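Asker: Sequence:
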Amino acid sequence: MPATIHGERTLTELDFVRLGKLAGGAIPPALSDLLDTAEILPSRDVPADIVTMNSQVEIEDPATRQTQKITLCYPGDAQPGTGCVSVLSPVGIGLLGQRAGALARWHMPNGAEGAARVVSVLFQPEANGNYLA
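Remember, the working numbering sits 218 above the position in the sequence shown when you count from 1.
None of these hints come from the bench; they were simulated from the model.
Just so you know, these numbers come straight off a predicted model, no measurement behind them.
Where a beta carbon is used, it is the ideal one built from N, C-alpha and C, also for glycine.
Hints are supplied without guarantee of correctness; some may be wrong.
Computed Cβ-Cβ distance ranges for the label pairs, DEER-style [what the hints assert, rightly or not]: (1) Arg-283 - Ala-244: 35 to 45 Å; (2) Pro-260 - Gln-284: 28 to 38 Å; (3) Val-337 - Gln-297: 17 to 27 Å; (4) Thr-282 - Arg-262: 33 to 43 Å; (5) Glu-226 - Pro-298: 17 to 27 Å; (6) Gly-299 - Glu-257: 13 to 23 Å; (7) Asp-279 - Tyr-349: 12 to 22 Å; (8) Asp-295 - Val-337: 15 to 25 Å.
Sequences and hints are given; from them, build the entire structure.
Answerer: In structure tokens:
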């Protein structure tokens with residue numbers, strides 16, 4: 219996985235705490251790296267164009283230019299067939315904390331690389347005044 223530069227991605231304090239407690243601390247190494255390097259902000263201070271937990275985003279495949287809408291969710295709420303993608307998945311980790319316009323990258327379990335451009339953040343709980351989502 220490409221190295222994450224400190225401050226390259228932004229998380230809310232609440233997301234940071236909740237994600238650190240997932241699976242009893244047995245989280246994927248890529249998520250652990252993200253938690254170690256992300257800029258952490260109070261929920262009220264996170265810009266509206268950042269992908270936070272429970273955000274709905276429009277992403278675009280850079281190769282095919284196809285777009286799709288997905289919602290970044292906690293593992294218990296994941297339903298990939300309906301667009302609810304777990305934060306523990308490679309795609310979820312790749313998108314978390316990204317800003318609209320950014321190119322998210324990840325490695326799939328089979329070793330293949332994936333990427334998607336964050337076209338827009340269609341819904342972000344914090345931007346709608348929900349600081350506890």
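Asker: All hints are to be evaluated individually against the structure, with a verdict given for each.
Answerer: We went through each hint and held it up to the structure:
1. Arg-283 - Ala-244: 35 to 45 Å: Holds - the Cβ-Cβ distance for Arg-283 and Ala-244, about 37 Å, lies within 35 to 45 Å.
2. Pro-260 - Gln-284: 28 to 38 Å: 36 Å, holds
3. Val-337 - Gln-297: 17 to 27 Å: 22 Å, holds
4. Thr-282 - Arg-262: 33 to 43 Å: 37 Å, holds
5. Glu-226 - Pro-298: 17 to 27 Å: Given about 26 Å between the Cβ atoms, the range holds.
6. Gly-299 - Glu-257: 13 to 23 Å: 33 Å, violated
7. Asp-279 - Tyr-349: 12 to 22 Å: Cβ of Asp-279 to Cβ of Tyr-349: about 32 Å, so the range 12 to 22 Å is violated.
8. Asp-295 - Val-337: 15 to 25 Å: Check passed, 23 Å falls within 15 to 25 Å.
The structure shown violates the earlier hints numbered 6, 7.
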